[in-house]
Structures are given as C-alpha cells and as structure tokens.
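Each chain is listed here by its residues.
Number of protein chains: 2
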Amino acid sequence: MTQQEQHAFDQAIALIPTGQEAGRYRGATRRDYWNMVGPFGGITAAIMAQAVLCHPQRLGLPIAITVNYAAAISAGPFEVHATPVRTNRSSQHWSVQMTQNDAQGTAQINTTATLVTALRRPTWSESDVPMPAVPRPETLRTMPIGPAGVDWLQRCEMRPVSGFIPKVWDGSGTHSETLLWLRDAMLRPLDFPLLTAMSDMFYPRVWLRRAKNVPAGTVSITTYFHVDAEGLAQIGPGYLLGRAQGQRFYNGFFDQTAQLWSEGGQLLATSNQMVYFKA
Amino acid sequence: MTQQEQHAFDQAIALIPTGQEAGRYRGATRRDYWNMVGPFGGITAAIMAQAVLCHPQRLGLPIAITVNYAAAISAGPFEVHATPVRTNRSSQHWSVQMTQNDAQGTAQINTTATLVTALRRPTWSESDVPMPAVPRPETLRTMPIGPAGVDWLQRCEMRPVSGFIPKVWDGSGTHSETLLWLRDAMLRPLDFPLLTAMSDMFYPRVWLRRAKNVPAGTVSITTYFHVDAEGLAQIGPGYLLGRAQGQRFYNGFFDQTAQLWSEGGQLLATSNQMVYFKA
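Protein chains in written order, with the numbering used here: chain A, 4 to 282; chain B, 4 to 282.
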C-alpha cells in the first residue's frame with residue numbers, strides 16, 4: 004500500500020522516530036481529524052497509545068489509558084515521548100507526553116498520558132453490563148455529516164439508536180444517554196488505537212441533557228480495554244455499539260461514562276471522561 | 004493538636020518538603036493503613052493528591068485524579084514529587100511520582116499519578132445518577148473488622164446495605180454490586196484526600212461475582228470530583244453512600260465503577276478502576 008492509499012486514520016497516528024532515543028517520535032496534526040478549534044480528542048488519545056505500541060521495549064497490550072488534554076494543540080508538527088517508567092514480569096507502566104514548540108522554539112507540553120500494558124492469561128471471564136437490545140445497524144439511518152470544520156465526523160459512520168444530537172436548542176433536555184452504532188467510515192479494521200479513538204466519539208452529554216449548545220471540551224479521559232489482539236482481529240471492520248451517559252454536572256465540569264460492545268455483544272472497552280462546560 | 008493526637012489519616016498522608024525544590028516531599032508508610040502485602044491503595048492515592056494540594060503553585064481544587072500502582076510499596080520511607088506540567092488561566096495539569104530506594108540506594112518509581120486542578124465557577128448543575136433508596140446508616144450493622152493484617156479496615160466504619168463480602172467461598176456469586184454507608188471511624192471530616200481514599204474502599208468485585216477469594220489488586224484508579232471546599236465542609240464527618248459494580252471481567256483484569264453520595268443525596272465523586280485478578 005502506498006502512502007497515498009494509506010487510510011486517513013493511519014496517516015493521522017503515524018509517528019516517525021526522531022532517532023535521538025527510543026520512544027521519541029515526530030508526528031503532525033491532520034485536517035482529516037480536525038474538530039472545530041483543534042484535533043479531535045480521540046485521535047490525540049490514539050496517538051498517545053500508538054507511541055507506546057510502537058515502542059521497542061513494550062511488554063504486552065494496553066489494559067488502561069488515561070489522557071489529559073492540558074492545552075490546545077495547534078495545526079502542525081508535534082513530538083511525542085513515551086517512557087516505560089516501570090517494567091514488571093507481566094505488566095508495564097508508561098508515561099507519555101506530547102509537545103509542540105512555542106513561538107520562542109521552546110517545547111511546551113499540551114497532552115499527558117499514562118498507560119498500563121500487560122500480558123494477559125486465559126481466566127474465568129464474565130460481563131456484568133449486557134449489551135442493550137437495539138435494532139441492527141443496517142436498519143438505522145446514518146447520521147448526517149456534521150457542521151463544516153468538524154472534519155473528523157466524516158471519518159466515522161454513526162447510526163444513532165437513541166439520544167440524537169438535539170435538532171433544536173430549546174432547553175428541553177431530560178436525560179443524557181445516547182446509544183449508537185459506529186465504525187470507521189472507510190472500514191479500517193479495529194485495533195487498539197482505533198478503539199481508543201472510538202471511546203471518545205460521543206458528543207458532550209451536556210448538549211443532550213440541556214438541549215443547549217454550550218462550549219464543552221474533554222479535560223481527561225480514561226479507557227479500559229477488555230480485549231486482546233485476536234478479539235480485535237475477529238471484529239475487523241465491524242460495527243461497535245456505543246452507550247454514553249452523563250453522571251454528575253457540577254459548576255463547570257461533568258463526567259460521562261461509556262461502554263463499547265462488539266456487534267456480537269462482547270464488552271470491548273469501558274471509558275470515562277471529565278468534561279469542561281460553560282454555563 | 005500535638006503529633007500524638009493527630010488523626011491516623013493525617014499522619015498517613017503527612018508530607019515534609021525535602022527543601023530541594025518545590026513539590027518534593029518525604030513521607031513514610033503507616034501500619035494504620037496497611038493492607039495485607041502493602042499500603043491500602045486508597046491511602047497511596049490520597050498521598051498523591053496531598054502532594055498537589057500542598058504545592059505552593061497549586062491553582063484551584065482537584066477535578067480528576069488517576070493513580071497507577073506500578074510496583075509494590077515497601078514498609079518505610081518514600082519520596083513524592085509533584086510537578087505542574089501545564090498551568091492555564093483556570094486549570095492546571097499535574098504529574099506526580101512516588102519513589103522508594105532499592106537495595107542499591109537508587110530511587111525506583113512505584114506509583115505514578117496525573118491530576119487536574121481547576122477553579123470552578125457556579126453553573127447549571129444536575130445529577131443523572133440519583134442516590135439509590137436505602138435504609139439510613141443508623142439502622143444497619145457495622146461491618147466486623149476484617150482479617151488480621153488488614154489494618155486499614157479499622158480506620159473506616161462501613162455499614163453494608165447489600166453486596167456483603169461472601170461468608171462462604173463456594174462459587175455461588177451471581178452479581179457484583181455492593182451498596183454501603185461509610186465514614187472515617189474516628190469521624191475525621193471529609194476533604195479531598197479522604198474522598199480520594201474512600202473512592203478505593205470497595206473490595207474487589209471479583210470476590211463477590213464469583214464468591215471466590217482469588218488474589219486481586221488495583222492497577223489503575225481514576226476518580227472525578229463533583230464538589231468544592233464548601234460542599235466538603237458541609238458534610239464534615241458525615242456518612243457517604245458508596246455503590247460499586249464490576250463491568251467486564253476478562254483474562255486477568257476487570258474494571259469496577261463506583262459512585263459516592265453524601266447522606267443528603269449529592270453525588271460527590273465518581274470513580275473507576277482496573278483490577279488485576281488471578282484465575
């Protein structure tokens with residue numbers, strides 16, 4: 004596959020080693036995943052995961068990731084630095100930072116992350132959050148492409164089941180739950196970076212809860228993975244069912260909780276985020 | 004108040020500046036909060052929060068904390084280093100590390116954390132997770148003190164409503180939800196470090212789900228705060244209602260989600276953790 008044929012998602016998370024030391028990479032923001040005033044938060048989270056996945060000293064696969072959006076990311080180049088802070092027999096703890104140079108050429112941190120990777124062993128397994136009974140994706144309409152400037156929405160096929168983005172901002176909201184089918188619009192197969200990005204694909208719950216289009220942005224997201232490489236390979240480009248709901252809205256911040264199931268009903272990832280919002 | 008009269012919790016989270024640079028502290032583990040093979044994870048999380056709360060450059064109050072348990076903590080002294088990695092107009096992003104010296108005297112990281120602090124503004128507020136209807140704490144029995152060696156359980160008064168620790172490990176578990184009232188056993192008033200510790204006070208969901216006492220330990224916990232200093236002061240030493248439930252158990256790891264309400268029904272904190280377990 005040539006560079007031109009490479010999928011937009013793979014272009015967006017592409018990292019080139021700087022050659023200085025293991026774990027230091029260069030990348031650049033892509034218009035394809037732009038979200039109003041900066042990159043879509045999910046693609047930034049995917050880049051932080053990718054920095055660990057690329058690392059020559061990595062042990063095992065992602066178990067947990069937390070990404071903190073510390074400052075705005077400008078269009079253009081960035082550096083990512085992934086460090087294995089502790090390596091155990093079957094698990095590893097990572098610290099990741101994204102930087103961009105300011106006007107004076109000084110590297111400024113705009114994003115931080117921690118990851119846990121681990122070798123899994125087969126054990127007793129169970130889910131206590133069954134997939135909601137919903138109509139199959141083929142029976143539902145695809146959500147129309149979002150407003151101009153929100154390019155990343157074109158990269159994702161979404162088929163909402165319930166909890167649509169309000170059509171009228173009239174303050175009539177009564178709940179904060181959305182159910183929707185989603186998959187990559189170009190049918191790119193699922194892997195850890197794409198699953199990381201997908202865990203951030205729910206619009207801010209305050210919009211639904213209030214039916215009011217207030218400014219809002221994620222400050223921190225945590226995603227737990229409940230799948231291994233074989234499980235992801237089985238899903239390929241299949242649909243995921245996503246559920247998101249707000250929990251507490253309080254004085255400028257709220258949290259939203261999310262689950263992502265395979266079409267077969269396996270709970271693949273659980274995710275939570277804290278979101279800034281303006282009154 | 005003299006050192007001897009100081010509350011066990013305050014002794015356990017006490018940090019003394021090393022004097023080298025802002026944000027570097029010394030502390031020591033306390034038998035009072037011991038949990039079988041190391042300190043109770045909640046007290047370690049509280050220490051990481053305390054390192055930020057003590058910092059002279061801190062802006063605002065905790066919004067989100069993620070603590071990663073990278074390696075075992077030995078009984079004895081430790082160092083904590085809190086760094087403000089990015090300071091914005093009304094929010095601040097922190098990185099925190101706990102280290103202990105190994106046999107060669109080299110500092111080794113055993114715990115990492117990220118925190119977001121922020122100045123809150125009064126806004127529209129709402130909760131979409133109402134407190135479950137449960138009997139008042141005074142009508143319920145206090146949980147008996149746990150097994151020898153688990154000293155931290157003596158520091159916390161727990162009055163379970165449902166989802167007790169199984170009395171018989173016979174594999175008969177059918178669900179993973181616990182509801183319980185809890186407060187500091189010595190009636191220490193609630194603050195951010197204590198609320199951080201309390202968000203980790205639920206025993207591993209796999210014990211309840213399987214009615215099987217398998218080895219288990221938190222690898223990463225994230226807590227979101229939905230309260231400010233005035234709200235905490237109003238609660239004082241009051242009871243909190245805690246709810247915890249497992250979501251997905253898969254090949255050696257599971258996640259559990261938790262909520263903590265004030266007795267008055269305000270959702271104060273939401274928390275999630277990823278836990279290692281042995282088949």
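Calculated directly from the structure, the hints in this document are not laboratory data. Quick caveat: nothing in here was measured; it's all calculated off a predicted structure. Be aware that a few hints might be false.
Copies of one chain are not kept apart here, so a pair can be met inside one copy or by any two copies together.
As the list claims (entries may be wrong) - Derived lysine to aspartate or glutamate pairs resembling EDC-like cross-links, with alpha carbons at most 16 Å apart:
| # | residue 1 | residue 2 |
| --- | --- | --- |
| 1 | Lys215 | Asp173 |
| 2 | Lys281 | Glu129 |
| 3 | Lys215 | Glu129 |
| 4 | Lys215 | Asp35 |
Hint check:
no.	hint	in the structure
1	Lys215 x Asp173	within (7 Å within a copy, 52 Å between copies)
2	Lys281 x Glu129	between (39 Å within a copy, 14 Å between copies)
3	Lys215 x Glu129	between (39 Å within a copy, 14 Å between copies)
4	Lys215 x Asp35	neither (27 Å within a copy, 49 Å between copies)
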